[in-house]
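These protein sequences, in sequence, are chains D and W. Under our numbering, the first residue of the first sequence carries the number 1, and numbering increases by one thereafter. Under our numbering, the first residue of the second sequence carries the number 1, and numbering increases by one thereafter.
Warning: the hint list may mix true and false statements.
Keeping only pairs whose Cα atoms sit at most 30 Å apart, straight-line, the calculated DSSO-like set for lysine-lysine is [what the hints assert, rightly or not]:
#, chain 1, residue 1, chain 2, residue 2
1, D, K86, W, K261
2, D, K196, D, K26
3, W, K267, D, K140
4, D, K196, D, K86
5, D, K63, D, K145
6, D, K120, D, K248
7, W, K261, D, K120
8, D, K131, W, K267
Where chain W lies over chain D, by a calculated footprint (3+ residues, C-beta under 8 Å) [unchecked claim]:
#, stretch
9, 7-19
10, 109-119
11, 244-252
Worth flagging that the hints you see were computed from the coordinates, not collected in a lab. C-beta: ideal position from N, C-alpha, C; glycine also.
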Amino acid sequence: MSKSIEAIDLNVYYGDFLAVEGVNVKIEPRTVVAFIGPSGCGKTTFLRTMNRMHEVLPGATVKGQLLLDQENIYGSAVDPVRVRSKVGMVFQRPNPFPTMTIRDNVLAGFRLNGIRMGRKQADEIVERSLKGANLWNEVKDRLDKPGSGLSGGQQQRLCIARTIAVQPEVILMDEPCSALDPISTLAVEDLIGELKEHFTIVIVTHNMQQASRVSDKTAFFNIAGTGKPGRLIEFDYTDKIFSNPTEKATEDYITGRFG
Amino acid sequence: MTTTSVDEIVPSKSSLTAGQLPRWTPLAVGGGALVVSALVMLLIGFNLPGWIVIAWLLFVPSMFVATRAVEGHQAGVDRLWTVLVYSAFALALLPLVSIVVEVLTQGLPGVVDPGFFTNTMQYATSLTDQQAVEAGTDIKGGILHAVVGSLLVTLAATVISVPIGLLTSIYLVEYGRDGWLSRAIVFFVDVMTGIPSIVAGLFGAALLLTLVGPQDNLMGFTAACALSVLMIPVVVRSTTEMLRVVPNELREASYALGVRKSLTILKVVIPTAISGIASGVTLAIARVIGETAPILVTAGVATRLNANLFSDWMMTLPVFIYRQLQNPTAPAAPGPSLERAWGAALVLIVIVMVLNLASRMIARAFAPKKTGR
Numbered sequence: 001m002s003k004s005i006e007a008i009d010l011n012v013y014y015g016d017f018l019a020v021e022g023v024n025v026k027i028e029p030r031t032v033v034a035f036i037g038p039s040g041c042g043k044t045t046f047l048r049t050m051n052r053m054h055e056v057l058p059g060a061t062v063k064g065q066l067l068l069d070q071e072n073i074y075g076s077a078v079d080p081v082r083v084r085s086k087v088g089m090v091f092q093r094p095n096p097f098p099t100m101t102i103r104d105n106v107l108a109g110f111r112l113n114g115i116r117m118g119r120k121q122a123d124e125i126v127e128r129s130l131k132g133a134n135l136w137n138e139v140k141d142r143l144d145k146p147g148s149g150l151s152g153g154q155q156q157r158l159c160i161a162r163t164i165a166v167q168p169e170v171i172l173m174d175e176p177c178s179a180l181d182p183i184s185t186l187a188v189e190d191l192i193g194e195l196k197e198h199f200t201i202v203i204v205t206h207n208m209q210q211a212s213r214v215s216d217k218t219a220f221f222n223i224a225g226t227g228k229p230g231r232l233i234e235f236d237y238t239d240k241i242f243s244n245p246t247e248k249a250t251e252d253y254i255t256g257r258f259g
Numbered sequence: 001m002t003t004t005s006v007d008e009i010v011p012s013k014s015s016l017t018a019g020q021l022p023r024w025t026p027l028a029v030g031g032g033a034l035v036v037s038a039l040v041m042l043l044i045g046f047n048l049p050g051w052i053v054i055a056w057l058l059f060v061p062s063m064f065v066a067t068r069a070v071e072g073h074q075a076g077v078d079r080l081w082t083v084l085v086y087s088a089f090a091l092a093l094l095p096l097v098s099i100v101v102e103v104l105t106q107g108l109p110g111v112v113d114p115g116f117f118t119n120t121m122q123y124a125t126s127l128t129d130q131q132a133v134e135a136g137t138d139i140k141g142g143i144l145h146a147v148v149g150s151l152l153v154t155l156a157a158t159v160i161s162v163p164i165g166l167l168t169s170i171y172l173v174e175y176g177r178d179g180w181l182s183r184a185i186v187f188f189v190d191v192m193t194g195i196p197s198i199v200a201g202l203f204g205a206a207l208l209l210t211l212v213g214p215q216d217n218l219m220g221f222t223a224a225c226a227l228s229v230l231m232i233p234v235v236v237r238s239t240t241e242m243l244r245v246v247p248n249e250l251r252e253a254s255y256a257l258g259v260r261k262s263l264t265i266l267k268v269v270i271p272t273a274i275s276g277i278a279s280g281v282t283l284a285i286a287r288v289i290g291e292t293a294p295i296l297v298t299a300g301v302a303t304r305l306n307a308n309l310f311s312d313w314m315m316t317l318p319v320f321i322y323r324q325l326q327n328p329t330a331p332a333a334p335g336p337s338l339e340r341a342w343g344a345a346l347v348l349i350v351i352v353m354v355l356n357l358a359s360r361m362i363a364r365a366f367a368p369k370k371t372g373r
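Chain D on its own, in the form it takes in the complex (with noise of 0.2 Å):
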């Protein structure tokens, strides 16, 4: 489990705007990475190409190569499906699925496969995914409650427990907090920090302390002006990118002398 992600030159694009242009990063394996960036920079976007769920808009294609392990997952015969098995995501807002009740929803990703489990098997990872989103305390007594009833907070790590229940290598987490309150923010930062033993993580945030809290390395994503493409700027660790960047962009951007 948990593999390293490497981009190579990698362009993203909505149809014929060049949307993201020549990242090259490399993320170690276990590690908590953070892309940070004004609104607009391509961080969502790039971010959004890791698990091939960008082509999923109409129009949007990626050159270039993203390496999970060495492989290319945009290499010509690869399924994007399986691609998506090993890099899980978390949506901006929580987005558990309303039919289903929470156990449900934590095994959605076996029910939707139309996997087949014993009792026994599914209850273990129920217990073991609630757990590891730190949500089971909360939801152990009402498994059969529909997951739409939960707090907001809530609903968003059990969404962490769905991702996590099929062990993808990989956690891509696009402004996970933007819709909670400040505890429910601590809840799932907090469970970042655990589950980076497991998994490797990448986050996008509009929150600077939040990546200086949660994350080792830190990207800094920035866009020239309207209509140009989004540019990788620094990448580095957090705590050089926030105490002593190299980019006068960034340190503009971090100690908020922006634009």
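Once you have looked at the hints, place chain W on chain D.
Below, chain W without anything else, positioned relative to chain D:
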């Protein structure tokens, strides 16, 4: 201030309610308008519609003037539009209420006839009808064959239309992506919505004519084919809307778990939209169950029970009503036929109403559960 009593907080004349017309004003003005209108009617001869129209014509401007004088221009205009909107609502309700009342009063005598639901028209002849009128014997004949025919034909049409319609809207929403094919489909579905039902009937008859030949093509299944021509566009339009409102986040959540698109549609999109789909299908059924013309030219008419969709003529409720009115069983004594026609009309309306209620209950039963705390 903390010890103020309730009486002091709410004085009988509040500054917030000063300068307003009392709440009974509309009643008083309406009553006055009715009285004045009645006086006018006495001069030119009384009739009910004239009385109400003149009262309304008096009521609208006097409410406006009274409100404007006391409460100001804005309140006056507000009151005017309130009155107009309520009037339009009452006007729209009028035909519905009158239909229900008329069908109930005319149809109930037929429905309570002995054997109305258990007999066919096989043994009801012009002789028995004349006896019923002249000697006062029980009216023979019933609608069993028409009810069975209607249900079978509509069921068959549903079985044909729902898979085609649902799959079409899945293509439109999930795969078509606004390409030329999906735009063409949307265009032709819109055109199909406007097809006159008799044309659909002729299509069904012609289609089965080429498949099984003349005479053999007059059967319940042909009617079902004709009805599905009318039903498919309704199903497509309603289910397309329902699939569109399924949030994209749920599809992406499913993809991100490594689930294929086909399984995502089958196990996430459709279950999430199932309540809307079910109620849309029920409304489509209600739409076609009352069709007369396409059935007349495809399933024909029958007086006896025929439960086989694939051979012989078949009766349905709308055609039954039409036949009883146009060709009474006893031309010299059409009373019993009229009674049966009204009774069948009542049964048809009740079936449609039950279907509408069922669609609401289905929608509620399948709706994603919102709470669970």
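A quick look at each hint next to the structure:
Restraint check: the Cα-Cα separation between K86 of chain D and K261 of chain W comes to about 17 Å, which is no more than 30 Å; the hinted pair holds. As the CA atoms of K196 of chain D and K26 of chain D are separated by approximately 16 Å, the hinted pair is consistent with the 30 Å bound. Simply put, K267 of chain W and K140 of chain D have alpha-carbon atoms about 25 Å apart, close enough for the 30 Å limit, and the pair holds. With a CA separation close to 15 Å, the supplied pair K196 of chain D and K86 of chain D stays within the 30 Å bound.
Distance restraint check for K63 of chain D and K145 of chain D: the Cα-Cα separation of roughly 44 Å exceeds the 30 Å cut-off, and the hinted pair is therefore not satisfied. Between K120 of chain D and K248 of chain D, the direct Cα distance comes to roughly 56 Å. Violation of the 30 Å bound is thereby established for this hinted pair. For the hint linking K261 of chain W to K120 of chain D, the alpha-carbon distance of about 29 Å falls within 30 Å, and the restraint holds. A distance of roughly 26 Å separates the Cα atoms of K131 of chain D and K267 of chain W; the hinted pair therefore holds under the 30 Å criterion.
Using a Cβ-Cβ cut-off of 8 Å, 0 residues of the stretch 7-19 of chain D lie near chain W, which falls short of the minimum of three, so the contact claim is violated. A count of 5 residues in the stretch 109-119 of chain D with a Cβ less than 8 Å from any Cβ of chain W is obtained; the coverage claim is therefore met, three being the minimum. Counting residues of the stretch 244-252 of chain D whose CB lies closer than 8 Å to any CB of chain W gives 0, which falls below the minimum of 3, so the coverage claim is violated.
Comparing the model with each numbered hint stated earlier shows that hints 5, 6, 9 and 11 do not hold.
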